[in-house]
Structure formats: C-alpha cells, structure tokens
Amino acid sequence: MIGIFDDPRIATGAVSKDAPLLQVEHLTMRFGGLLAINDVSFSAAKREITAIIGPNGAGKTTVFNCLTGFYKPTTGRLTLNREGTLFYLERMEDFRISQEAHVARTFQNIRLFPAMSVLENLVVAQHNALMRASAFTFAGLFGLKRYRTAERDAVERARYWLERINLVDRADWNAGNLPYGDQRRLEIARAMCTDPVLLCLDEPAAGLNPRESLELNELLRFIRDEHGIGVLLIEHDMSVVMEISDHVIVLDYGRKIADGAPEAVRSDPTVIKAYLGEEEDEELPPEIAADLEKKTGGEA
Amino acid sequence: MEYFVQQLINGVTLGSIYGLIAIGYTMVYGIIGMINFAHGDVFMIGAFIALISLLILGSLGLTFIPLALLIVLIVSMLMASVYGWTVERVAYRPLRGSFRLAPLISAIGMSIFLQNYVQIAQGARVKPIQPVVNGGIVVMESPSFIVTLSYMQILIVLTTLVLMAGFSYLIARTALGRQQRACEQDRRMASLLGINVDRTISLTFVMGAALAAVAGMMFVLYYGVIDFFIGFLAGVKAFTAAVLGGIGSMPGAMLGGLLIGLIETFWSAYFSIEYKDVAAFSILVLVLIFLPTGLLGKPEIEKV
Numbered sequence: 000m001i002g003i004f005d006d007p008r009i010a011t012g013a014v015s016k017d018a019p020l021l022q023v024e025h026l027t028m029r030f031g032g033l034l035a036i037n038d039v040s041f042s043a044a045k046r047e048i049t050a051i052i053g054p055n056g057a058g059k060t061t062v063f064n065c066l067t068g069f070y071k072p073t074t075g076r077l078t079l080n081r082e083g084t085l086f087y088l089e090r091m092e093d094f095r096i097s098q099e100a101h102v103a104r105t106f107q108n109i110r111l112f113p114a115m116s117v118l119e120n121l122v123v124a125q126h127n128a129l130m131r132a133s134a135f136t137f138a139g140l141f142g143l144k145r146y147r148t149a150e151r152d153a154v155e156r157a158r159y160w161l162e163r164i165n166l167v168d169r170a171d172w173n174a175g176n177l178p179y180g181d182q183r184r185l186e187i188a189r190a191m192c193t194d195p196v197l198l199c200l201d202e203p204a205a206g207l208n209p210r211e212s213l214e215l216n217e218l219l220r221f222i223r224d225e226h227g228i229g230v231l232l233i234e235h236d237m238s239v240v241m242e243i244s245d246h247v248i249v250l251d252y253g254r255k256i257a258d259g260a261p262e263a264v265r266s267d268p269t270v271i272k273a274y275l276g277e278e279e280d281e282e283l284p285p286e287i288a289a290d291l292e293k294k295t296g297g298e299a
Numbered sequence: 000m001e002y003f004v005q006q007l008i009n010g011v012t013l014g015s016i017y018g019l020i021a022i023g024y025t026m027v028y029g030i031i032g033m034i035n036f037a038h039g040d041v042f043m044i045g046a047f048i049a050l051i052s053l054l055i056l057g058s059l060g061l062t063f064i065p066l067a068l069l070i071v072l073i074v075s076m077l078m079a080s081v082y083g084w085t086v087e088r089v090a091y092r093p094l095r096g097s098f099r100l101a102p103l104i105s106a107i108g109m110s111i112f113l114q115n116y117v118q119i120a121q122g123a124r125v126k127p128i129q130p131v132v133n134g135g136i137v138v139m140e141s142p143s144f145i146v147t148l149s150y151m152q153i154l155i156v157l158t159t160l161v162l163m164a165g166f167s168y169l170i171a172r173t174a175l176g177r178q179q180r181a182c183e184q185d186r187r188m189a190s191l192l193g194i195n196v197d198r199t200i201s202l203t204f205v206m207g208a209a210l211a212a213v214a215g216m217m218f219v220l221y222y223g224v225i226d227f228f229i230g231f232l233a234g235v236k237a238f239t240a241a242v243l244g245g246i247g248s249m250p251g252a253m254l255g256g257l258l259i260g261l262i263e264t265f266w267s268a269y270f271s272i273e274y275k276d277v278a279a280f281s282i283l284v285l286v287l288i289f290l291p292t293g294l295l296g297k298p299e300i301e302k303v
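If you're matching them up, the sequences are chains B and G in order.
Just so you know, numbering that gives the first Met the number 0 puts 257 at position 258 of the first sequence, and the rest follows in order with no gaps.
Just so you know, numbering that gives the first Met the number 0 puts 240 at position 241 of the second sequence, and the rest follows in order with no gaps.
A couple of the hints might just be wrong.
Computed footprint of chain B on chain G; a stretch qualifies when at least three of its residues, placed anywhere within it, have a C-beta under 8 Å from a C-beta of chain B [stated by the list, open to error]: (1) 168 to 181; (2) 190 to 196.
Derived SDA-like pairs: lysine to any residue, alpha-carbon spacing no greater than 20 Å straight-line [to be verified]: (3) G:297 to B:176; (4) G:297 to B:172; (5) G:297 to B:175; (6) G:297 to B:114; (7) B:71 to B:30; (8) B:71 to G:196; (9) B:71 to G:95.
Hints are computed from structural coordinates only; laboratory data are not their basis.
For each residue, glycine too, the CB sits at the ideal point set by N, CA and C.
Kindly generate the complete structure, drawing on both the sequences and the hints.
Put into structure tokens, the structure is as follows:
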C-alpha cells in the first residue's frame, strides 16, 4: 500500500531478500523515429558479473544511460534492490541514483577529473559521507573532530583502492598525466569509492594491452568476490567476457537475442548470426528449417 | 616619493574591493562557464544592505563600532547571499541546457531589474553616510605632503586578506571545494558520483554574492556615498580584473583586482582623473588581444 506521503521512487518492505539486484522490465528507448532499445528485459544478480554484448549500435550504452539517469526511458521499469529496499531508477535524478540507490558507472571514453590528483579523484567520490560529517562545510571549515575523522576514513578507503590498483606511489599525480591503463583502473576504483551495490562498466578493456587486460580481469573478480556487488559489463573483448562473466546478455538492433551462461551463448546460432552474418551454405537450425518449409509450402 | 606611496596605499585599497567582486565572477565562470552579469548589482545591493543595517544599528543606540561593523558584515553577507541564490534560481537554473546566450540575456535582465528595484525602493538620489571609522596612521612625512594610512584602509585590506585566505582554503581543502572543482571539470561525471550539481552551482553563486556584499560594505564605508548605479561600473571593472587575471582562476582574480585598482589610482594621480575608466578598460582590450587567457589563466586545450 503506497501512502500519499511515500516517496514514489522508493518502496520498502514486502521484498524478498533473494529478489535480483537489478530487474529491467520491458525497457524501451526511442529517440524520435529511432528505436534504440526495443522491449528489453533482463536481470542481474549480486556477486555476479553480467556481461552485455552485441554488435556496434545494438543499444548497450543506451541501456547504461537509462540505468544511470542520463536518459529517461520511453517505457519500462528499472528496479534496483538494495538490501530489501526497491529503487525505481527510471524515476530518479542522476545524482540520486548514485547517492541513494548506489549505482556507479564508468565510461567508454575515460572521464576522470584530469586536473585533480589521483587521491582527490577517489576522495571526491566519497563526498556525500564527508558533506554529512562536515555539516555542509561549516564544521569542516573549523576543523572539527568528527569531520577530520570522516576525512581520514575517506583517505583510508582511497588508499585501500590505490593499493588494489598499484597506484599508491602516484597518489599525488594529476589524474590526467597517468598512463592510459592506469586511468582505466583509477576510474573503476573511483566508482568503487562511491560504495556501489551495482557497478556498470562501459568497455573497461578497450585499448588495454593483453597484460593490462589480465590485470583488469583480476580486479573485476576481486570486486565481485570480496565486495559481493553486482557488476554489469559492456565489452567487445570476448576473451574478457568469456573468461570472467557469469551471465551474458546479447543485444542486437535494440532487442535481446540471447541470455544465459557464457558457454551457451557462445554456441547460440542467433548470436553467431548477429556477429558474423548468415552463411549461405550453413545448415539452418531444424525448427527454423521446418518453419521455412511450411511457409514456402514446398514451392521452392 | 610621498605622493607615490600615498597612491600605492589608495590603489591597494581599491584593488582589494575589486578583487573581492572579481572572485564572484571567476567562481561562477569556472563552474558554469558563463558570466554572471547581475553580480555587480548584487554588490550594489550588499552596499545598500550594509548602509541600512548600519543606520538601524545606529538608531538602536549601538555605539561600539567594531561590534556594529561585525553585525553589519554578517547581515549584509547573509542577505546578499539570498539575492545571489535567487539570481541563480530565477535567471540561470530554468535555462540550464538551453543555448548559451539565453542565460546571458536573462542575467542582464536580472541586473536591470535589480537596479530599478533599488531605484524605486530607495530613491535615485545618492545616499551619504557619516564616516564610521575615523583616523589613521601617518606613515611618512615631508614638508609638503603627509602620507596617511587610514584605519579604514587597513580594515579593508585586512578583511580582504582574511576572506581570500579563507575561501582559498575552502576551495582547496574542504569537501565542498572538491565538489566545486569536480563540477568545474566534468559536471555530468560529478553528478554520476552522487554530487548534487544544482546545489553546488547555487552555493557557488551564494559564495560569490557573500564576497560581493563584503566589497559593497567596504565601498560604502570607504567612499561614504552610494546610489543604485554603483554596481554597473564596479561590476564591469571587477569583470575586467577577472579577465586580466585569467577568468576561472581564484588567485588570478585577486591579482587582477589589485592591478586594476593600482592602474586606476595611478592614472588618476599622474594623468587625468576624467580618463581613469578609459585606462582600466584599455587594459582589458590589451589583455584580450595579447594574452587572451589572462595572467594566471590556463590556455584551453582544444581536443581534436
């Protein structure tokens, strides 16, 4: 029962603890005449890496943009379950999605704060806790103890992630001066500093060399296993996808064409067709062949 | 020599006032990439609030000057902050995401509105005030000329130094300052990290307005007369100062304010006082031609 004073973006109680972390239902996004996402439904679970793959222009990044509040979906429901509280992401402003629902994301083209130091990039991601502790800056100005403790905690957490991504000795560098691979990992670390329950990564392996790619796999596994959060991953690098994901969703032309374990998806004929195109002499799957037979009525 | 030292003192005082206003321009430009054309009028309103609250305190019989000045300072900062917040709320926020010229025009409208509002509410005549802080120190003496450093000048420069140090600390060290710098660099990413960008922009306007109110209070105490139109010229000059120092840079705004104050004072002292504004604005033209990013501004790197 929803009372008139309840926040319509949030529902509490009556949620089973094992409901999926993220439930996307009938998501459709239309830009004028272009149907970017057409009735896509899927779910993502805690402690799992869910990969979204598909050819260019399939609508993968658009799904992320809907999830993080950059686009308002044309129709559909995006439900995030954070410890039994449901957040309807499609109704929330973008900064609240991070602040309250704790969804974090990274970008295909890196978006660090280039003129801030590596450490500051990680601390600024924790500013909500800091702002509360500093009583919106007044206490911070006078250096009150509670604020200093909060600030120390923030730096401590930043240090933890810097150790994870091997950047402790470059904490004072300007983020913009880091090598490309380090910037990628710093961006993931910064997203983790917002304390997310769902981490959305847009092509984290793009432009990485094989060794960096392996380090990335390592980092993502660590995040999944040690922090127990859900990871949503857009990736073109199949070695990364097949290696680390628990669950793969395939989009093509804005539709979901496959959904399942990596091995199953890899051998799915519709997926192969979407990626490679149809081969003339390839044998059609039996049910499609039968269907075709029926329609053409043996004219051929 | 004595004459020169006296002009130096006057120039630094005037420069401090310009610097305080210029910080407001530079902070707003830094965060939303637009000039707040109503900022000069917030300065003017700050001056009026200071004048009015000083008169009220006087009529209440508060004769202890330092306490009276402190109360006036706080009152004018608070009330001008409300004006700054309103300017953002009315003239900028509804037009966010619209084309770039739209908020510019609405800010000019806001500026005209504030001027006319004060003109109607307070009258168009100049408002004089008795000097509140009297006396000074004789720094140098020669038979023909006495160099004095008035207490008022000391108060202005000291207040400016304290406020600038405080605000620099706030920007560099506190969570709020970090948040502002994050919004400056990438507003959308900042909001994805859970930063309330709208509130951060509002706070930036509020901070600028509070500093402008201090400048307004100093102006009314120093010159002793104000009218509804002082915001225009002071605003444009502070804007020049911000551009000279490199718009978007806080130390640049302080340096620019100081330089404009000195140039104006020395020009009036050694050349002709009628052309002092010409001197200040010629500097703007020269800077824009030869040093478009200003003294301390960072050149914008175009990514291809």
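Going down the list of hints, with the structure as the test:
With 9 residues having a beta carbon nearer than 8 Å to a beta carbon of chain B, the stretch 168 to 181 of chain G meets the requirement of three or more and the stated coverage holds. Requiring three or more residues with a Cβ within less than 8 Å of a Cβ of chain B, the coverage given for the stretch 190 to 196 of chain G holds, as 7 such residues are present. Pair hint residue 297 of chain G plus residue 176 of chain B holds up; C-alpha atoms about 16 Å apart against a cutoff of 20 Å. Proximity of residue 297 of chain G to residue 172 of chain B is assessed by CA-CA distance (about 18 Å); at most 20 Å being required, the pair is judged to hold.
About 15 Å separates the Cα atoms of residue 297 of chain G and residue 175 of chain B, which keeps this hinted pair within 20 Å; it holds. Under the criterion of a C-alpha separation no larger than 20 Å, the hint pairing residue 297 of chain G with residue 114 of chain B is consistent with the structure, at around 11 Å. Under the criterion of a C-alpha separation no larger than 20 Å, the hint pairing residue 71 of chain B with residue 30 of chain B is consistent with the structure, at around 11 Å. At roughly 18 Å between alpha-carbon atoms, residue 71 of chain B and residue 196 of chain G fall within 20 Å of each other, so this suggested pair holds.
For a cut-off of 20 Å, the pair hint linking residue 71 of chain B to residue 95 of chain G stands: about 17 Å separates their Cα positions.
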